[in-house]
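Participant: These protein sequence lines map, in sequence, to chains A and B. Under my numbering, the first residue of the first sequence carries the number 8, and numbering increases by one thereafter. Under my numbering, the first residue of the second sequence carries the number 8, and numbering increases by one thereafter.
Hints may contain errors.
In silico SDA-like cross-links for lysine to any residue, where the CA-CA straight-line distance does not exceed 25 Å [claimed, not checked]:
id	chain 1	residue 1	chain 2	residue 2
1	A	Lys218	B	Ala55
2	A	Lys87	A	Leu216
3	A	Lys87	A	Ala9
4	B	Lys202	A	Glu162
5	B	Lys218	A	Lys87
6	A	Lys218	B	Lys30
7	A	Lys202	B	Arg212
8	A	Lys143	A	Ala84
9	B	Lys106	B	Leu126
10	B	Lys202	A	Lys202
11	B	Lys202	A	Ser138
12	B	Lys202	A	Ala65
13	A	Lys143	B	Ala221
14	B	Lys218	A	Lys218
15	A	Lys218	A	Ser138
Because the hints were derived from the structure by calculation, they are not lab data.
There are 2 protein chains.
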Amino acid sequence: MARIGVVGGTGALGKAIARRLVKGGHEVTIGSRSSEGALTAAAEIGAAHGAVNAAAAADKDVVIVTVPYSAHAGTFAQIKDAVGSAIVVDTTVPLAPPKVMRVQLPTAGSAAIEALGYLAEDARLVSAFHSVAAHKLIEDIKIDCDVLVFSDDVEARNVVVGLCGDMDLRGLSGGALVNSAAAEALTSILIYMNKTYGADGAGIRFTGLTKAPAIP
Amino acid sequence: MARIGVVGGTGALGKAIARRLVKGGHEVTIGSRSSEGALTAAAEIGAAHGAVNAAAAADKDVVIVTVPYSAHAGTFAQIKDAVGSAIVVDTTVPLAPPKVMRVQLPTAGSAAIEALGYLAEDARLVSAFHSVAAHKLIEDIKIDCDVLVFSDDVEARNVVVGLCGDMDLRGLSGGALVNSAAAEALTSILIYMNKTYGADGAGIRFTGLTKAPAIP
Numbered sequence: 008m009a010r011i012g013v014v015g016g017t018g019a020l021g022k023a024i025a026r027r028l029v030k031g032g033h034e035v036t037i038g039s040r041s042s043e044g045a046l047t048a049a050a051e052i053g054a055a056h057g058a059v060n061a062a063a064a065a066d067k068d069v070v071i072v073t074v075p076y077s078a079h080a081g082t083f084a085q086i087k088d089a090v091g092s093a094i095v096v097d098t099t100v101p102l103a104p105p106k107v108m109r110v111q112l113p114t115a116g117s118a119a120i121e122a123l124g125y126l127a128e129d130a131r132l133v134s135a136f137h138s139v140a141a142h143k144l145i146e147d148i149k150i151d152c153d154v155l156v157f158s159d160d161v162e163a164r165n166v167v168v169g170l171c172g173d174m175d176l177r178g179l180s181g182g183a184l185v186n187s188a189a190a191e192a193l194t195s196i197l198i199y200m201n202k203t204y205g206a207d208g209a210g211i212r213f214t215g216l217t218k219a220p221a222i223p
Numbered sequence: 008m009a010r011i012g013v014v015g016g017t018g019a020l021g022k023a024i025a026r027r028l029v030k031g032g033h034e035v036t037i038g039s040r041s042s043e044g045a046l047t048a049a050a051e052i053g054a055a056h057g058a059v060n061a062a063a064a065a066d067k068d069v070v071i072v073t074v075p076y077s078a079h080a081g082t083f084a085q086i087k088d089a090v091g092s093a094i095v096v097d098t099t100v101p102l103a104p105p106k107v108m109r110v111q112l113p114t115a116g117s118a119a120i121e122a123l124g125y126l127a128e129d130a131r132l133v134s135a136f137h138s139v140a141a142h143k144l145i146e147d148i149k150i151d152c153d154v155l156v157f158s159d160d161v162e163a164r165n166v167v168v169g170l171c172g173d174m175d176l177r178g179l180s181g182g183a184l185v186n187s188a189a190a191e192a193l194t195s196i197l198i199y200m201n202k203t204y205g206a207d208g209a210g211i212r213f214t215g216l217t218k219a220p221a222i223p
């Protein structure tokens, strides 16, 4: 059982991740800009606690950030001093509305590399959960999509791959944090495919892997 | 039946693509820096013709460029004046050896966007075939990997999706040319997964698409 804070946890992706982590046996705190919103969302999905973002990020094993790109820098500023030695998981996709079907990676290369700059030098940053459709993840259904997990901290990456398993998802290491660009870019392709190929939450599966975790 | 030139067609990917196009009933010309090498490769895979790259790119319906990133700009310079109104398909992945498991996209965003700058203004550029393992593609086996196809020219994109079908592959439109960054970046992830998860040519499949071409 890990103590996990889900910052921005009142949004669709945050609530979905938090709900699956609760079901997986973890002690989850929902974070939001207002403690009222956090407490409401926590009650809704059965999380133990709700708090403002900075409080939700304090004294945790893992802090998961689930905010739109427009709130990316601001949210990391809120939690920077609180996270300490926790593993920080960034789920942010650098979409630039209204053209969300176009890949528009930031100059730094990826939102994950930007996040690295927002945290203290010894931060344990992981990037993950970009490709999973939130409205499917919140349901009690099998998700036909692998979760790519990136980090330069191998131990932290393995912890998040393990959390994916607890959430009934197949997590796969995608290598170094810089590789997060691939998953962030892919999200625009998936949005495009939803429209083009009549999908309700298109996903991806990696094929040919003989030593990967089994698909749950 | 289309007239197709495969520029850089003596390499592993070029030969594999050419061979499948020949089997799919197309008239294929292998291009290389030397006509001798081109003729040898053409004989090997049953292509109709072999020629130097510029000649292989002339008077074609489709010209497919299959060269390593180090030869990207130079090869496009060789064929720029020859391609005319042909559809030009760039397969180049901007790998930066020796760190091929790290995503290192060029400043322009992708090799495809760079290629756009190498061609005439009215060029019909498509980007595709990044994620397929050449050593599998050359065999007579089912390829468990979707081919992503990107272009701002919808008609040209559809032609290449059709060619994928002729090659016994599922081609999927990935949208605008700028989205090629996702497939180019993904290639480093696949190389990483080959090593990490014991794969001999890891691939990807898109899931949940109700209106996509059937998997052949």
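Participant: Decide, hint by hint, whether the structure agrees.
Facilitator: Structure-based check of all given hints:
no.: 1; hint: Lys218/A with Ala55/B; in the structure: 42 Å, violated
no.: 2; hint: Lys87/A with Leu216/A; in the structure: 37 Å, violated
no.: 3; hint: Lys87/A with Ala9/A; in the structure: 20 Å, holds
no.: 4; hint: Lys202/B with Glu162/A; in the structure: 18 Å, holds
no.: 5; hint: Lys218/B with Lys87/A; in the structure: 44 Å, violated
no.: 6; hint: Lys218/A with Lys30/B; in the structure: 34 Å, violated
no.: 7; hint: Lys202/A with Arg212/B; in the structure: 17 Å, holds
no.: 8; hint: Lys143/A with Ala84/A; in the structure: 30 Å, violated
no.: 9; hint: Lys106/B with Leu126/B; in the structure: 29 Å, violated
no.: 10; hint: Lys202/B with Lys202/A; in the structure: 34 Å, violated
no.: 11; hint: Lys202/B with Ser138/A; in the structure: 22 Å, holds
no.: 12; hint: Lys202/B with Ala65/A; in the structure: 37 Å, violated
no.: 13; hint: Lys143/A with Ala221/B; in the structure: 23 Å, holds
no.: 14; hint: Lys218/B with Lys218/A; in the structure: 32 Å, violated
no.: 15; hint: Lys218/A with Ser138/A; in the structure: 22 Å, holds
In summary, the numbered hints that this structure violates are 1, 2, 5, 6, 8, 9, 10, 12 and 14.
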